Amino acid sequence: MSAAVASFQGPNRIVIVPVLKEVELFRVVNVERPHHPGLVLDLTSNYERQARPRRVERFYSILHMAVSTFTTREAACQLVERFPGIGTHVVRLRLPGGAGFCVDAPPKGAHRSLWGAPVQLAACVVDVAPA
Amino acid sequence: MTHGIFTSTGNLVAWFESEQDALAALAELARDEPEAADEVAAIPFDNDGKACGPAVKGSALLPKAA
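Going down the list, the protein sequences come from chains A and B. Here the first sequence stands for residues 1 to 131, numbered as in our numbering. Here the second sequence stands for residues 1 to 66, numbered as in our numbering.
Excised from the complex, chain A in its bound form:
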């Protein structure tokens, strides 16, 4: 067993499901309007930003490819309150079913990892509000 495998830390499996019916999710961003040119970058995963994978991302590249969202605006705003450098605004994403988007299905909590092309995700933003 290699040292890398021996150092594995993380869940044995992750449940990821396709978005098959419309769902709303909320994401922290740094732009104040839906058509801001910086919005696409704010909806881009650390993988696509070519950031170095950290911890469990070394074993689950799929997690490195996700963007973090929340099931409620309140939960997204709470994250900004606690970690102000993370963003200034919260976007509402209205994701249509059957468009190729996927989310994880954790047993609890408001956080959802979301997979989708950043440009497609940006097209799903229906409003932006200060966090």
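No lab work stands behind these hints: they were computed from the structure.
Here are some of the chain B residues that sit facing chain A, going by a computed Cβ distance under 8 Å:
{"no.": "1", "residue": "Phe6"}
{"no.": "2", "residue": "Ser8"}
{"no.": "3", "residue": "Asn11"}
{"no.": "4", "residue": "Phe45"}
{"no.": "5", "residue": "Gly49"}
Under 8 Å between C-beta atoms, here's a sample of chain B residues computed to sit facing chain A:
{"no.": "6", "residue": "Thr7"}
{"no.": "7", "residue": "Thr9"}
{"no.": "8", "residue": "Ile43"}
Remember, predicted model here, so these are calculated numbers, not experimental data. For each residue, glycine too, the CB sits at the ideal point set by N, CA and C.
Could you slot chain B onto chain A? The hints should help.
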């Protein structure tokens, strides 16, 4: 309560069941990439999944220069 490590890009790195484990992992990340230690933080979350306490940035866990 759980603890998440997030990057300043708004993305989750990992969840932890205890603050001790989260801070140990954060310290390791900060040591691995000290130049980016300000860009990662550990944050406690309540059972509803809402951030409920102050973020601890990786830079706070780096050894102080003599």
